[in-house]
Amino acid sequence: MFRKIITPHLLLPLFLICGCASIFGSITYFDPTTYKNLTDLKSEVMMLYRTFTNDSIDSAKIELVCLKLSQIYEYERGKGSKNIETCKQVEIINNIFERHVKDRITNGKWNPTNLQDSIQNISDAFDIAIQTEHSKNKNEP
Amino acid sequence: MGLSWEKLFDLLKSDEAKSLKAELLSLINSAKSDSEAILKRQGEKLELYLIQLAEGQITKEQFGGYVQDIHDLTEMHALKMVVESKARAQRFTNGIANLVLNRLLALIP
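Protein chains in written order, with our numbering: chain S, 53 to 193; chain R, 130 to 238.
If you are wondering where the hints come from, they were derived from the structure by calculation, not from laboratory data.
We put the beta carbon where it would ideally sit given N, CA and C, even for glycine.
Incorrect hints may have been included.
Partial list, derived from the structure: chain R residues whose beta carbon lies under 8 Å from chain S [to be verified]:
hint	residue
1	GLN197
2	GLU213
3	GLN219
Isolated chain S, as found in the complex (with noise of 0.2 Å):
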């Protein structure tokens, strides 16, 4: 009976869709090591931030964190155009980085309303970041 029904011009759309969706739908797995790598990293620079209150920088620190996010990023561009969205997402959290250490240079130390509003922007895009690795499907047989 089964036979009758799956007949080869039944089966074509099947095996174009998974065709198709590899092709333009390929995506990375969940990788632990991403997860680990933001979420480790998100605390370390809401630390550093909290350190831009005071009158002194920390430079050694920020060059830690320059260091780290230069490093994930590589890490991310390595698995290749699969891996296109997260990368361009540890691009953008560098900048925004960058744009805040800037300000703090230049303007000076930051006051309660200029932390909160750094510290919540960075921590929102770690986050998504976060979450957008969550949201990857997991490897499993």
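Got chain S sorted already, so can you dock chain R onto it with the hints?
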């Protein structure tokens, strides 16, 4: 009574300022009433930054930077939506491959 940022526009006595104020109000209200929580939040933040600018709590440059943050966060959200959509498609195609092409067809004599 208007919010403090609206008064800022009242001080700018040009026709362009009046038009810009109306467009900004429309943009903020549209975002604040959006069903997407993230867009709603960005609309609320834009209004907050305008108030902070009007009250002198942040500089013009800082205001510009925070608005650029809103722009960037919205772009990140759009990328998240793309990933969510691709993940749904991936689940569907994996399901078809596993359930139909591999298992169902193998069961059919």
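Each hint, compared with the structure:
no.: 1; hint: GLN197; result: holds, 7 Å
no.: 2; hint: GLU213; result: holds, 5 Å
no.: 3; hint: GLN219; result: holds, 6 Å
Checked against the numbered hints listed earlier, the structure breaks none of them; every hint is satisfied.
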